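Chains as they are written, first to last, in this note's numbering: chain A, 9 to 315; chain B, 30 to 419; chain C, 4 to 438.
Treat the hints as calculated values from the structure; they're not laboratory data. Small disclaimer: the values here were computed from a predicted structure and weren't measured. Glycine residues also receive a C-beta, built at the ideal position from the N, C-alpha and C atoms. A portion of the hints provided could be inaccurate.
[To be verified] In silico DSS-like pairs for lysine-lysine, Cα to Cα no more than 25 Å straight-line:
id	chain 1	residue 1	chain 2	residue 2
1	B	Lys240	C	Lys431
2	B	Lys297	B	Lys59
3	B	Lys297	A	Lys147
4	B	Lys199	B	Lys322
5	B	Lys240	A	Lys161
6	B	Lys398	B	Lys219
7	B	Lys219	B	Lys199
8	C	Lys300	C	Lys431
9	A	Lys147	B	Lys281
10	B	Lys56	C	Lys420
11	B	Lys398	B	Lys192
12	B	Lys387	B	Lys398
13	B	Lys366	B	Lys168
14	B	Lys398	B	Lys297
15	C	Lys356	B	Lys59
16	B	Lys366	B	Lys322
17	C	Lys60	B	Lys366
18	B	Lys224	B	Lys359
19	C	Lys60	B	Lys59
20	B	Lys297	B	Lys322
21	B	Lys240	B	Lys192
22	B	Lys379	B	Lys192
23	B	Lys100	C	Lys60
24	C	Lys300	B	Lys89
25	B	Lys408	B	Lys387
26	B	Lys56	C	Lys72
27	B	Lys56	B	Lys100
28	B	Lys297	A	Lys161
29	B	Lys281	B	Lys199
30	B	Lys387	B	Lys366
31	B	Lys408	B	Lys322
32	B	Lys359	A	Lys147
33	B	Lys168	B	Lys199
34	A	Lys161	B	Lys281
35	C	Lys356	C	Lys426
[Said to hold, decoys possible] Heads up, incomplete: computed chain C residues facing chain A, CB under 7 Å, no partners named:
id	residue
36	Lys234
37	Ala246
38	Met389
39	Leu393
40	Leu407
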Amino acid sequence: MQLFFQHLINALQWGSFYALIALGYSMVYGILMLFNFAHGDIFMVGAYIGFGVATALAALAAMSALALPNWLILVLTILIAMYLTSFVGMLVERIGYRPLREAPRASAAITGLMIGIILETGNLAILGAQRIRFPSLIKTSVYDIGGVVVTNKKIMIVVVSLVLMLALNEFIRRTRWGMAMRAMAFDYVVIPLMGVPLNTIASLTFALGSALAAAAGILFAVAYPVLDPYIGITYGWKAFVAAILGGRGSVKGACLAGFLLGFIEIFVGAYLSSSLRDLIAYSIILLILVFRPHGFFGEPHSAKLRL
Amino acid sequence: MRKGLLLVVLILVVGLALSPCAWAKAKTIKVGINAPITGDIPKVGEGSKYAAEMWLEDIKAAGGLEVGGEKYMVEVIVEDNESKPESAAKAATKLITEDEVLAIVGPQASSQAIPAGEMANNYGTPMISPWSTNPDTTKDRPFVFRGCFLDPFQGPVVANFIKDEFGFQKAAVLYDIASDYPKGLAEVFKEAWEKLNGAGSVVAFESFTTKDADFSSQLTNIINSGAQFLFTPQYYNEVALIVQQAQELGFKGPIVGSDSWGSAETVKLCGEACYGLFFSTHYAAAGATGATKEFIERYEKKYGYTPDDVGALTWDALRIVQTAIESTGKLTGDLEKDRMAVKDALANIKEFDGITGKMTFTPDGDPIKCAVIVRISEKGEFEFYKSACP
Amino acid sequence: MVNDKSAVVERANTRFGWFRAYAAGVPLLAWLLGALVAVLLEQTAGDVLAAILGLPKVPVLFGCMIMLKEPTLIPSALIFVALIYGAPILLLGKVLARPGNWVAARLMSWPIAVPVILHLVVLYAIMYFWSDVSLYRMLTLRLTLIAIMLTLSLNLINGYMGEFSCSHPGFMALGAYAASTVMVGLFVNDRLFGEALLPAFLGPFMFPVALVIGGVVAALGALLIAIPSFKTRGDYLAIISLAFLFIVKSMFENLQFLGGARGIKGQPDYADLPTVFCWTVLCIWIINNFVRSTLGKALNAVRDDEMAAEAMTVNTRFTKMVAFLFAAFWAGIAGGLFAHTVRFINPGTFDLKRLAELLAMVYFGGLNSVYGSIVGAVSINLLGEMLRPLALYKWIVIPLLLILVMIYRPTGLVAFKEFNVRKLVQPKRKPEEEV
């Protein structure tokens, strides 16, 4: 039983990354009906920006008398990196998606894919081939609760991700911008005619998604502090699976599916076979889709989208 | 339109007149490097490239390569194989037919070295893969050699070391099932360990897939299995994650690795978590003497970090090629004959004194060389601990 | 949309007007003969000319590599290309226009197969002599031809059917593994499958069978995706196929008797140029016929409006399934050829990067078009080789190029163009003669 709880806690942490990345996919998909294949690499860029900010802040704290505690540096890093990465997201939208809004949807997906490759290669060209160690800002403390091992990092990661997801949900539910986004998801042909600026909303969508990806990137770097330019590829595609599995443009669905994917991967690896993990995990996903072809919260045959 | 055309023609003519024509072909020896500059393992490509640059510098300083009393200029051509098999085959073919190299060093990883070796062998060009451990790379290919020892040697070395040093009974192995090298070594190690301690003494044999970052489910199972130590023949980036997560989850035993740990990055990425751990490798950087020390210091000075095992192995491979070319006695200028001569010279090399140890090639083209067990010291340096020879 | 397109065409007309005017009356046969002379010229006089121009060797891919590597040699390389390729093709094409047209007109009175085969023979001769100069060219050409098959088959799903499939590397893997298993198991003494079971002289006869087995295995795999994903319309094919790709890769990593992560090596060298050429032509011919058949048109109808198509008695699910399986079959065959060209496969060969590469080729060339697939596969493959000297920056230049193409021609370079063989081989008249 304690083993089960151990796996459960591991899965919670692992799932929260998928969920956070999947949200970005899900919003773009819900509102603009496009696949943003650059998203995995925005996650990577976010982690790298976080690395830059954290290093700079730590150096600043060391140099001046300014006694920044490490947890504050981490919080500042997350916030600043989210802010900066949102511009990367907007840039991606401006270059790769806005000119292609009328084009076949897959074409925009390809530009996204290509921007992703440019981001990877650009990173390799600028920073060189070495992998980067993310500075360990908070000291790991291990708590042993009845045989189940929990670290403060794990708790922090899960809590921060949940807070961000709730914040996004509130933003979309309660603010005017959120309402505009929901409206746009409902119908992006008519709503702009009613005076809602499509371009702004598209930028906002990408900015929000990228900010979440940056947060995911930094949390990821805190948990797994080794960064390389290609970390975004696999997680990006897997989170893409989660986003669509959650249902078209559903925030709730994307979160749920992200956690579910994390749980499936961890539990299959733990109880069935770690070498057959991908095989079994994605067969389960296939089966889910056979029975719920529209994901968890998607509606069949509809242009009506929910956000 | 017409004016433009005229201008183009004019520019072409002028440019042609100014071009540094290779009217008289200088005597050069070309050596190809087939390395993964882009793709999954760019650091490996970088290490190979840097080692080649340093080697070229040496040759230039000596005024060229002397073969049979004649000095030849040397040109190194680095070709990117994008860490893809078909691209490695293309790069090898390009080096052989277009650049007309005398010998090729690389590719490093087996999944590229096997197809590239096929081309090199078919087209009669000697090739040394410094880093590939898959037996298929050199098997039945007289033109293909390698610069490192094989899994069947390294696995038992590690197993014996642990048995002698700690006297453990129960082992756990964690490896990447999608990657050639870790998988091969993990299997060999399992076999060796079970030979020492009886069947079932490997209590956990867990795997993951390349690019995974979370090993918590596997590690939880390993801890639960009661293993006394963990053997993980992984690359340094994964080592950092595995060691850290294992310790966080409460694994108390030692974690032991293989030559893929042999990179300055292991300590850089892993930090203090890795201090005091052991691994088997080709050479120990700290406390090295003679040529090895000189190489490490030069590399550090030039590129700012301690060379990886790949850099050292590439360096050795290039030096072997150099020795082989020099010992041919005479280059005819007929590429086919020269390549054949270099191949024969390579196969006849005895007790080559490289920075990663002395080596002699078996008829299959695999070297016979010693392994060392290295301990990561409290200063984060790789200390020599023990050596094991075949 | 339609207006846009014609405007683009018009602009292109004026921009390359001089060339169009020059090339107006020249039939394909004349161009091909010109190219044949060019490659023969390169073979006989290439070395001499290269030496005169100060080039180290005959420029292997139209001088691009030399130019990027040594900018001072740009003029020499350009002159070489102009003299060896440009001049013979342009001049001879023009000179041979009249006799070419006459021959083409004669040929048209025969069944269509005769002129087509004649053209193909000339085309093959060009490729043969071109690739005969260097083994590197040969390898590049073979892989390019295989890429054409892959691109075309993926275009069937992503272009003609209008879905977004991500499983093509998976189909390729199935085909490659099945064909390799048959061939290596039967004809090679090796570590995995033991002694050869059949004498080697049977090999070339078994090879097509092995490829077809590979294709069938891939199609069976496709059935696994097709059944759940074509129940309803939507983007679910995208993730089902992605999940399938992960499953296939993981499966081959775990199948120890197929080498696991170490892969299979030593496939016999049967995928030489004529074999690959024949299969590619066969693939283009069959897929082109397929998309021009009733079923193909039904497929287009499904893409444009599934409801309407259903209302017009098109069995949408059946249509989509057939097309999907068909595409997977050809991807499997291409995979088999790929395995026998590179002569090594491992699961890592068929990963997400391969997927990105295939998608890039399809969308670069153009959706819903055989020409587009050829253009896409050839240009991405050749660019990938020609830009080698740029090393790392190659992977910034190629994606940038693709983004530009997507922005200015969102459906790809040559999209929605019908591949009409008759039109291609028939004699060409000057525009004024038509009036």
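Taking each numbered hint in turn, which are not upheld by the structure, reported in ascending numerical order?
-> 1, 2, 4, 8, 10, 14, 15, 16, 18, 21, 22, 24, 25, 30, 32, 33, 35, 38, 39 and 40
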